[in-house]
Amino acid sequence: MVAAAASDTAAQRRAAKRSPLSVAGFKKTVSRHAEIGIFLIAALLILVFSATSDGRWANAYNIGTILQVTATLGLMSVGVALVIGTGEIDISVGSTFGMGALTYLSLVQQIDPPLAALASVAVGAAIGAFNGLLVTRTGTPSLIITLGSLMIFRGIAIALTDGFSFSVPYKMRSGAMYTAFGGDSIGMFNTGVFWLVAALIVLTAMLKLMPYGNRLLAVGGSAASAHSRGVRVDRVKLQAFILCGALAALGGTLEAGKLGFADGSMGRLMELQAIASCVLGGCLLAGGRISLIGAVMGAFVLSSIQSYLVVMGVRPQWFMLLLGLIVVFAALGDRKLRAWALKR
Amino acid sequence: MAHPLISVKNLDLYFGAFHALKDVSVDFNAGELVGLVGDNGAGKTTLIRVLCGIHKPTKGEVWFDGTQVKEFHPKLAIDNGIETIQQSVGLCDNLSIARNFYLGREPVRKILGIPFLDFAKMRGESRKVIREFGLRDNVSADDEVERLSGGERQSVKIGRAVEFMNRVVIMDEPTNHLSVREREHVNELAVQLKEQGLLVIYITHDIFQVHKLADRIVIMENGEKVEDARTTDMTADELEEVIRQGGRKVEKRGAA
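First to last, the protein sequences are chains A and B.
Counted from 1, the first sequence has number 606 at position 12 by this note's numbering; the numbering is strictly sequential.
Counted from 1, the second sequence has number 173 at position 123 by this note's numbering; the numbering is strictly sequential.
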């Protein structure tokens, strides 16, 4: 009887330890999953924004808009997260996004939207291959290489558009195929959101459940160790860059489909938002530890903040400043949380 | 025995202007435990890094089982059945023991033709090694390697090499960081592997330790092979004297 009671309390203690609702359990969850921080930040911001915006922020239309922006930025962010996972970085994605948008818009009037989208993704993959080959073949830091390609492809985008914008006539902006690539919404969800969800599921499965993911994270954790185990380090990095370029161009395609036009500045500064999304989402810039869902949540937080500033009538001049400040504070809060979780 | 399993002929390796290996020629046979001995910077690790595909020699030939090796990459060495336990590399801190265990040759189960990691196998095999090497009770196959002590890391590397052993096991300072009991275990394993017909190359700077295990001792000094003798022909004391003299010879040459 006494023994039974004792084992009972032991079982309860164990249960308390495991339950994510207890402090100890929560601590463990945070220390194991770096992306918890961004989920808490998102929840907090949703509460604050809903409470202080008088219904202007938290309504179906606005949330739909936020999710559309999250979709395009999120696709770019998961791509960047994969490259960060290998211990490299790709800051050229803003320009790749623009090139993807322009490719799609220039082709979609002549050929079917799926083919135009495929061409756009191929252009993105080619830009990724350009980055990846230069980084792996020359051993030059990826920051410098992709800084160069950021400017090169922005330059090409500006030269192509020559001060004008590429656009699709209104009468062509319909049909199931056009709708499928960001052109319209299903319910409150822009079709881009479905692409993001699909990409997130496929890439997460690849990262966690397939050999390629194991090797990708190994390369980021210790390239020398991965090499010594027979992993083709350069090949893994090149593949990550190609995926990243393709995803950024897909994001550009979906944004182009949504807007129906694009100029040479499409996607400018988005590369910085994508990197911020990754870092906020729990990706370690040193490589080896990334969270794709975290990167997407990071993109959601950034688009929510932007949207809040818009609906609150903050003058656009202050956007960058405020966005930057909120990012800094969110990052600090996340750091504090993680430091607390790792403390015994 | 028709030909040696690994044959190195007149090997030279430069790192930039630094001459790391100087005209090294040595044969290794299957079923042999060879001690590769020398002071720090003698070129032992560099030599085995050529054998396991990390470094490509500048000049000279490497023959494996009768065919000349033309391309150097760890993947090819591993595919040829050469397992290497290295000092500083081999484990990724950010991955679990199970994931590290099969890194580079992950077992998969295909579902609709898509290769998914076979976690059951990965965990099962690494759990076996964890038990066999007596890691702490609370270490699980899903724990990140970051959590392990130096000795536990070494145990995982050795366990992995033994698990995949097929023709050659190269051990670079395998008993560093190990407790006395773990060291005994590793040395026993090295002898067992040899008895099963594998070639074991055991690198250390402790000549007395390896003399007890090895059939042959190869001594390197300053990038050159200075001695190659059977342990039945030379005692550990004599061999230690060679190591000492190797050092002095270099000094004399420098003075002249």
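Please note: incorrect hints may appear among the correct ones.
Residues of chain B clear of chain A, computed beta-carbon distances all greater than 10 Å [what the hints assert, rightly or not]:
id, residue
1, 102
2, 123
3, 136
4, 143
5, 153
6, 173
7, 232
8, 237
9, 241
10, 272
Quick list of in silico lysine-lysine cross-link-like pairs, DSS-like style, CA-CA up to 27 Å [stated by the list, open to error]:
id, chain 1, residue 1, chain 2, residue 2
11, B, 125, B, 72
12, A, 802, B, 125
13, B, 178, A, 802
14, A, 622, A, 765
15, A, 802, B, 160
16, B, 59, B, 72
17, B, 59, B, 106
18, B, 171, A, 802
19, B, 72, B, 120
It should be emphasised that the hints constitute simulated quantities derived from the structure, not laboratory data.
C-beta atoms are modelled at their ideal positions from N, C-alpha and C, and glycine is treated no differently.
Hint check against the structure, violated hint numbers in rising order: 1, 2, 3, 4, 5 and 14
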